[in-house]
Structure formats: structure tokens, C-alpha cells
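Engineer: Below, each chain spelled out in residue letters.
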Amino acid sequence: MSDPDAGPAGPRSGAADPQGTGPGPTGSGSAVPHGTGPNGTGPSRTGRPTAIRLNVNERVRQLDVDPRTSLLDALREHLRLSGTKKGCDHGQCGACTVLVNGRRVNSCLTLAVMHEDDDIVTIEGLGDPDHLHPLQRAFVENDAFQCGYCTPGQICSAVGMLAEVAAGWPSHATADVASPRIAPTDAEIRERMSGNICRCAAYPNIVAAIRDTARGGPA
Amino acid sequence: MKSFSYERATDARAAVAAASADGAKFISGGTNLLDLMKLDVETPSRLVDISRLPLRGVEELPDGGLRIGAQASNSEVAADAAVRSRYPVLSEALVSGASGQLRNMASTGGNLLQRTRCPYFQDTAADCNKRDPGSGCSAIGGLNRAHAVLGASDSCIATHPSDMAVALAVLDAEIELLGADQAVRRVAVTGFYRLPGDTPHIETVLGPGELITGVLLPPPPPGRQRYRKVRDRASYEFALVSVAAVVSVERGTIVGARVALGGVAPKPWRSTEAETALTGRPATMGTYRAAAEAAMAGAVGRGHNDFKIDLARRTLCRTLAQLAGAAEEAG
Numbered sequence: 001m002s003d004p005d006a007g008p009a010g011p012r013s014g015a016a017d018p019q020g021t022g023p024g025p026t027g028s029g030s031a032v033p034h035g036t037g038p039n040g041t042g043p044s045r046t047g048r049p050t051a052i053r054l055n056v057n058e059r060v061r062q063l064d065v066d067p068r069t070s071l072l073d074a075l076r077e078h079l080r081l082s083g084t085k086k087g088c089d090h091g092q093c094g095a096c097t098v099l100v101n102g103r104r105v106n107s108c109l110t111l112a113v114m115h116e117d118d119d120i121v122t123i124e125g126l127g128d129p130d131h132l133h134p135l136q137r138a139f140v141e142n143d144a145f146q147c148g149y150c151t152p153g154q155i156c157s158a159v160g161m162l163a164e165v166a167a168g169w170p171s172h173a174t175a176d177v178a179s180p181r182i183a184p185t186d187a188e189i190r191e192r193m194s195g196n197i198c199r200c201a202a203y204p205n206i207v208a209a210i211r212d213t214a215r216g217g218p219a
Numbered sequence: 220m221k222s223f224s225y226e227r228a229t230d231a232r233a234a235v236a237a238a239s240a241d242g243a244k245f246i247s248g249g250t251n252l253l254d255l256m257k258l259d260v261e262t263p264s265r266l267v268d269i270s271r272l273p274l275r276g277v278e279e280l281p282d283g284g285l286r287i288g289a290q291a292s293n294s295e296v297a298a299d300a301a302v303r304s305r306y307p308v309l310s311e312a313l314v315s316g317a318s319g320q321l322r323n324m325a326s327t328g329g330n331l332l333q334r335t336r337c338p339y340f341q342d343t344a345a346d347c348n349k350r351d352p353g354s355g356c357s358a359i360g361g362l363n364r365a366h367a368v369l370g371a372s373d374s375c376i377a378t379h380p381s382d383m384a385v386a387l388a389v390l391d392a393e394i395e396l397l398g399a400d401q402a403v404r405r406v407a408v409t410g411f412y413r414l415p416g417d418t419p420h421i422e423t424v425l426g427p428g429e430l431i432t433g434v435l436l437p438p439p440p441p442g443r444q445r446y447r448k449v450r451d452r453a454s455y456e457f458a459l460v461s462v463a464a465v466v467s468v469e470r471g472t473i474v475g476a477r478v479a480l481g482g483v484a485p486k487p488w489r490s491t492e493a494e495t496a497l498t499g500r501p502a503t504m505g506t507y508r509a510a511a512e513a514a515m516a517g518a519v520g521r522g523h524n525d526f527k528i529d530l531a532r533r534t535l536c537r538t539l540a541q542l543a544g545a546a547e548e549a550g
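For the protein sequence lines, the chains are A and B, in the order given. For the first sequence, counting from 1, position 137 maps to 137 in our numbering; every step adds exactly one. For the second sequence, counting from 1, position 172 maps to 391 in our numbering; every step adds exactly one.
I should point out that these hints are in silico values taken from the structure, not numbers from a laboratory. Source: prediction; values computed, not measured. You may find that some hints are simply not true.
Unchecked claim - Chain A is faced by these chain B residues, among others (derived, beta-carbon under 7 Å):
1) Y225
2) L253
3) D268
4) P273
5) R303
6) P307
Ideal Cβ placement from N, Cα and C applies to all residues, glycine included.
Using the sequences and the accompanying hints, generate a full structural model.
Structural biologist: The following block contains the structure:
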């Protein structure tokens, strides 16, 4: 995939990873091109380290992790991509939602070692203040957050969710699961976003932001 | 979390060999296993990652049935065109479970093998015969609102939490297994799970290292299909009671009926008693009530979950009435 030394490949990858360009104080993350062997960085904090290669926000990252390291902790603690949030750490709140190979997942309930060469997109890879993703813009315009802690997960989840709607996937809100076309109604949006909790209860505006984006074209 | 070694299996035979070792477990979606490992309820010493095995597809079978690869995600199966058009009860059950994120991660095999959400099973400070055989059951006499009313024992009253498995039970699905001896066998979903008796820690007929490679659906039964789930929240919640049913009606008479219940038993609960009470009878509420009585005849409440017995009866009646009405309209 992209060679980190070649610089940003476009506005989306250019927005990626504002702080993660090298190992943090405790992290072992570093960026190497595909095909490069282990880069000699030290072991992660506990247990026997395993070398893995992830493609995060269109940049190849190689790191050594304890096999117990969740994808969430690899992103936050090793790659210093702190946009993805740890809420419950048990798959109940959705704050840790990222996209893996285009599908939204809870990064707290999967191991980093299971994602060798997977394409991972975090909130940092979707946009930055100068180049907002359409959903980020819609969240701002609709005041779709209060404290903001759940917001990165909400937005990553919404990106994945709208792709699922576009692919015609049914939901529990779909009257006839055999119907090939899905309309992004408020009922569909609410049902499909139920894996993302907002304790500030900004739900009406979150639904409005997603509805605006859905009607304005693909996210 | 206890430390473990990790390896990625490249083929099913190697996976089975690796997982036959003491302390080894398969991991696929990880949504339930990792949750339980964080709680120290599961403490494998070796994880064999089967998520990249080539077992993802949903394929047509020559007999008109369908083969679902064990690594197909819950969302892929729910969205499959053949599943949606010919086995809608399965698609409905899948999309009623978990969240969009979790359905993208969870595999078909893992869904079948997910553990109970009994809070005492998940709490290592509580007594639980399933987690720690012989320690007792904190749910009996405890907060057991979510627990089983059918098929439970004095050792364990935990429910099986899967929605998908309830639909598979009503569809007469079979589970394809690859054993440690590399032999392939098939087991009906209804025969896959064991009732707790005095060994609630033994939940299925799986042998050591045995791997689920697929689920086989026979051609769809005639009639209308429906999955109805009743829960405390409108979404992202386990069933208090669920019903999977297939009903065929001709000139006001029920000529075919299949019924399975979820949320009420330690396994997906196929009710042949209800089916017998329906078949050949007029499609009326009186018939549905008789079927509901038959389905719940052996039910035992444990206090907080007493309401489930009547809730299951009423959920079954309503599901049957809607299905029979729709089947009649469709002619």
C-alpha cells in the first residue's frame, strides 16, 4: 500500500495520524513499507512481543505487541492515535468503533495480532479540521455531540453503517428483510446505530447529522 | 487477562490439530471470547485464530438447500440474498441480535458457541457450576429475571443467548464438524447442545479440538417464516423471549407448523409439543393458545423469571396469529 516516506497520497491520507509519525514515549510503533522485516524496536510492555504489520489510515505501520493487546490499545497506546476512544472496553458502548477492511467493528473486542495487513481507518483517517469528512461536517452543523467522547466512534460507525445501507443490508427496522433496497429512514438510522451509546443523549442531533449525510450522497 | 500464545491457522486440519492441545481455544470474531478473557472467565493458554480459514461463503446446495461457511459473519449471512428470500426467519433472527459492529465481527460458528450471559457466570466471585463445577448456582435464589424456565436443572438455570441458533433450530439446520481424527460429521442443531443436568459446564457434543466448518440448511419448509424477539430495549439487547416459527395454512387449516423458542432455555428450544398441537387444527386463536400451553407445559419459574412463562405463551400466540393470517392471505 502507501509508502509512508512518499508522503501523503491524497487529502484523506494526508489527514491521517497527526501525532503518530513515530514511537511515542511508551509505544513501539513505527512505519515501514510492506515487505520490510521486523524493525528492531523493543518489546511491548508485557509478555512476549509479536511483530505485526497494520495498514492504518493508508500508512503501513509495523509494531511489536503482546498478543493480548486489543486493536484499540494498539491504536491508542502504540500508534498514539488517541482519537479512537476506550469507553467500556467490552463491546457495549461503541466508542472504540473503527473500520477494518471497510467494515465497522469494535476495536476493543479484537486482538491486534489478528489484523496482520488489514486496512484500518480511524477517525484521524477520515478527516482533519481543514478537510472534514462529510459526516464530521454534519455532526458540527447539527450540534450532534455534547462532551464529544462517543463522537469518533459514532462517526466511524455511521460511515460503516451508510455503506451497509448502500449495499442493501437489512436491519431489524426493515419491514421485509428480502427487500433489496433500504431507505435510510430515521427508524433505520436509530436501529443501525444502536451499538453506539451517547450518555449525553445527543441522539436526535446524531440522527439528524447522519440523515443529512445520507441524503447528500455517499459519505 | 491471562497470557496466551497466538497462532493463525492456515487450513482447517491444522487448526483442529493445534486446538486439540490442553488449554487451546479457537478464536474467530472474538466478541464473546475476548470479553470473557478480560473477565478471567475464559483463560486459554493458546489461541488458534481460525478467522482467515476459507470457510466464509454461502453456497447453494444441489438439493435446494444452502451451506453457510462457519467463518461467514453474522452480517454477511443476514444480508445474503438467498437467506433473505428463502430463509427470512434466519435473516430476521440475525439482525435482531447484537449491534452492527458486533455482527460484522461475529462468525456463524462463534455465534453457535457463544456462552450464556448469566451475570453469575461472568462474575468470578459468584458461585457457578458452569464456570466452576461443584461450586453451586448463585442464580437459583438470586437475580434470575433473565434465566431459563425450560430445560434447566438444579445445577444451572442459564439460557443460551443466540437468536441465530433459534432460527436454525426451526429450519432443521445441521452443523458440520471436523474432528481431531480429521473425520467430518454432521449434527442437527437441536442435538448439538446438551441440557445442563448436573454437568452444566459441558454445553455441546463437540469433542476436544473439534471445529465447526459450516451450517447446512435443508430446502426451506413450505409456509411463512417469522422471528419475533421480546426484550427490555428496542435494540441491542438479549431476548427475554423469542419465537421462530414457520406456518403453512390451507383453507383455514394449519397443514404445517414448526416452532422454536429462545431466551427461555439452555439451548434453542424446538417445541414439537406445540407443533403437534397446531398441525391439522383450524388457524384460530384457540388453537394457538392450546399450542402455547403445550409448549410451556413443563416450564418452571425461579421467582424473578416467572413472567417469562406467560410472556412466552403470548409471544407464541401473537407470532402464530400473524403468520397464519399472512399465510392465509397469500393463499
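Engineer: Give a verdict on every hint.
Structural biologist: How the hints compare with the structure:
no. : hint : in the structure
1   : Y225 : holds, 4 Å
2   : L253 : holds, 5 Å
3   : D268 : holds, 6 Å
4   : P273 : violated, 16 Å
5   : R303 : holds, 5 Å
6   : P307 : holds, 5 Å
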